[in-house]
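Asks: These protein sequence lines are chains A and B, in that order. Under our numbering, the first residue of the first sequence is numbered 1, with each subsequent residue one higher. Under our numbering, the first residue of the second sequence is numbered 1, with each subsequent residue one higher.
No wet-lab data here; the hints were simulated from the structure. Where is the CB? At the ideal position from N, CA and C, for every residue including glycine. Some clues are possibly wrong.
Label-pair restraints from in silico Cβ distances [claimed, not checked]: (1) Gly-277(B) to Val-168(A): 38 to 48 Å; (2) Thr-309(B) to Leu-359(A): 47 to 57 Å; (3) Arg-321(A) to Thr-309(B): 40 to 50 Å; (4) Ser-116(B) to Val-269(A): 51 to 61 Å.
A few chain A residues that face chain B, going by a derived Cβ cut-off under 7 Å, partial list only [to be verified]: (5) Gln-157; (6) Glu-187; (7) Phe-188; (8) Asp-261; (9) Ala-265; (10) Pro-267; (11) Thr-279; (12) Gln-284.
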Amino acid sequence: MTLDERKQIGSGGPAGRGNRKVSPSSAARSLAGATPAKKAAPKQSASNKAAPAKKAGPAKKAAPAKKKAAPAQDPVSTTEPIKLSPAKKTAPAEASAASDEPTTPRPHLRAVTDDDAAAAAAAAAEEAQRRTKSAGAPIPAGIPLEDIVAALLDAFQRVLGSGWEARVAAFLHTIRKRLSGEYDVDEFGLDPEVVAVLQHAVEPIAEKWFRLEVRGIENIPTDGGALLVANHSGTIPIDGLMTGYAVHKYTDRHLRPLGADLVFALPFVGQIARKIGATLACTQDAERLLTKGELAAVWPEGFKGIGKPFTERYKLQRFGRGGFVSSAMRAQVPIVPVSIVGAEEIYPLIGNVPSLARLLGLPYLPITPFFPLLGPLGMIPLPSKWIIEFGEPIRTDAYEPEAADDPMLLFNVTDQVRETIQQTLYRLLVDRGNAFF
Amino acid sequence: MSRTVLVTGVARKFASRAARYLADLAETGPASGRGAITRVIGVDTVVPDADLGGVKFVRADIRTPVIGKVIAVEDVDTVVHLDVNPPMRGRLGGSSNKELNVIGTMQLLAACQRASTVTKLVLGSSTAVYGTSPRDPAMFTESMAARGGVRTGFPKDMVEVEAYTRGFARRRPDIIITTLRAAQALDVDLEMPLSMYLRAPVLPVVAGFDPRLQFVHVSDLLAVLGLAVTRDRPGTFNVAGDGVLMLSQAARRLGRPVIPLPSLGYATALTRIARAGGAELPPDLHRLLKYGRVVDTTALREVFGYEPTRTTEEIFEEFRAQVRGGVLSGIGER
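With the hints as extra help, turn the sequences into a complete structure.
Replies: Written as structure tokens, this is what we have:
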């Protein structure tokens, strides 16, 4: 493409009108469409039998259709199977040339962009030509085994980095260890390897889908027990999973969620819950965990919170009977209020089927805008934006352990925790703005 | 004051071993003094197969008042009641087993109440009294009761036996009563339900459930029993090894394939498959294999004063070394 060719398009005459002799569109068409087609065509017809079929293609059909057409044509050219790949590769190039055509006749002063497109098309055509040439050389049929091995090794190296042999060995070792049962679980059933796997599985969901933002992580004690108290929402307790993920990611400690007995009665759910360290929400287990110096988490709203209709979102329900406060006081560990924003929008609960739920032994049977309607697709959580804020710890060691038997004190502390979370929720909602964007 | 110990149910393997252990204590221990055992008497309705060593065997049925005469004639002062057992084939099954467990205990306690010589009762109970359900805490302490309730079979028998024993303690407050709640013993010689289950070539499991299991070693059980006889340790104590093992983990370590079955109809399938493999399982085992059960042994350490010598994992490894490996044991061979 020379300088005067370029001048022809719009740079010489009045804006947008070409230069009297040639209109901009025709000039561009000649540049973009005609040249590459001329270049590519003779070579292809000379080298590849599949070419005529494809040459007919660009004029009428879009690229995907042609791709389908190409393999169908291949059995004809059985003598040279290796040509299959170059033949396919010419297809996109021609497609790009073809798709340029409709854009060129725009009567605006788009000289430079059209030019670029034309240049790209020309380059692509050249590339295609080069490939067609190389394909013409005699290559034995099939891919040599050593090439496959080399490619696989290269792929391993790329995926796993330089120390890939050690990593593969470690991976196989882990698999063997799992298969032979040579791993330890604690008395609650926590399996650290399962937690690690789940952590990796949840990471993309938390970071990319929910765009989880974590605040106040410094409020979680680095050692010793603490009781995390959080609001509950979202129809399915994904907020528990996300809190556990956040705590494990930023503090490297295991969060021990305290769940309802329904969790442990359900097949598979109960099994996984035990393996990630969850246990039944009862005083005995809570105190055992806290006195051991573990991080326990409760969602005192329970089913009232998680199964509340969408219209009541971010309105805290009654905080159980305040049993969590007495557990924390007996164990003399701080209470960390946790405010979770975002879980309410994942499955907006707009309806409930109480009779069917009672029949199935569930606390509620959710109807969301998508759930029974779209079937399994409706079970994909909506991509709301999440913020989890760990609030300032409320100390309980100022009280005597015997204070756990004072109901009035328990109610007061429960209210204090509840109010803290409610106020934080309002603040976070303002900070977050739109729920989804 | 030396002791004459009566052990019930010695035709059973564990009870006969316990009686022999106590008889050995009588020989090796101090001849006189507070904790000394002078004689060990074993009773049962059938003659035991095993060699009882220094134990004097008296054939008596504890469901009849004969047991009272045995206590009076032999001048028994310590009763070790081990004749509360899950039903087994080849002996008594179903309702007659319940009769042996509950009516036998009632008769024995009635005899003890009359006998002025009896000063101590040791009851060999089981952690089955805690039941097993999803509503249970992760670990049971001695003060907890079964939340999900125990409805049938051996666990219900055991709960009733313990209740009668508590009634007996109220009526005879001068008697020292020790209740030992033992977890499942894992031993190839003993016909314990869980060890019989784990010896099957394939293990039927409930799909979606992976129970936590806990075992106890026979030597620990015998040592605790001996301490309860020779020293005074009133109260109820859990006896179990530390730590837990998941059922899936146990199956993998044994190299046995598992068959996941739906929880509906699992109980029937479990008994059928076990019977096909030549084992007889008690009908209440399926609940344990669904939810599992773990007990807390703090009281055993701090109040009773005994430290279990083996953890659950060590007990299991010992068991694994004794049994034949499963078909999958080639995987992860060490």
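Asks: Could you run down the list of hints and mark each one as holding or not?
Replies: Taking the hints in turn, this is what the structure says about them:
Our hint of 38 to 48 Å for Gly-277(B) and Val-168(A) holds, since their Cβ atoms are close to 39 Å apart. Taking 47 to 57 Å as the suggested C-beta distance range, the pair Thr-309(B) and Leu-359(A) conforms, at roughly 51 Å. The hinted range of 40 to 50 Å is satisfied by Arg-321(A) and Thr-309(B), whose Cβ atoms lie roughly 43 Å apart. Look at Ser-116(B) against Val-269(A): about 58 Å separates their beta carbons, and that is inside 51 to 61 Å.
Interface hint status for Gln-157(A): violated, as the beta-carbon distance to the closest one in chain B is roughly 28 Å, over 7 Å. The interface hint given for Glu-187(A) is met, as the beta carbon of that residue sits about 5 Å from the closest beta carbon of chain B, less than 7 Å. Interface hint at Phe-188(A): satisfied, since its Cβ lies 5 Å from the closest Cβ of chain B, which is below the 7 Å cut-off. Hint status for Asp-261(A) relative to chain B: holds, with the closest Cβ pair at about 4 Å, below 7 Å.
Interface hint status for Ala-265(A): upheld, as the beta-carbon distance to the closest one in chain B is roughly 4 Å, under 7 Å. Hint status for Pro-267(A) relative to chain B: holds, with the closest Cβ pair at about 3 Å, below 7 Å. Given the 7 Å rule on beta carbons, the hint for Thr-279(A) holds: about 5 Å separates it from the nearest Cβ of chain B. For the restraint placing Gln-284(A) at the interface with chain B, the shortest Cβ-Cβ distance is roughly 4 Å, inside the 7 Å limit, so the hint holds.
In this structure, only the earlier hint numbered 5 is contradicted, and the remaining ones agree with it.
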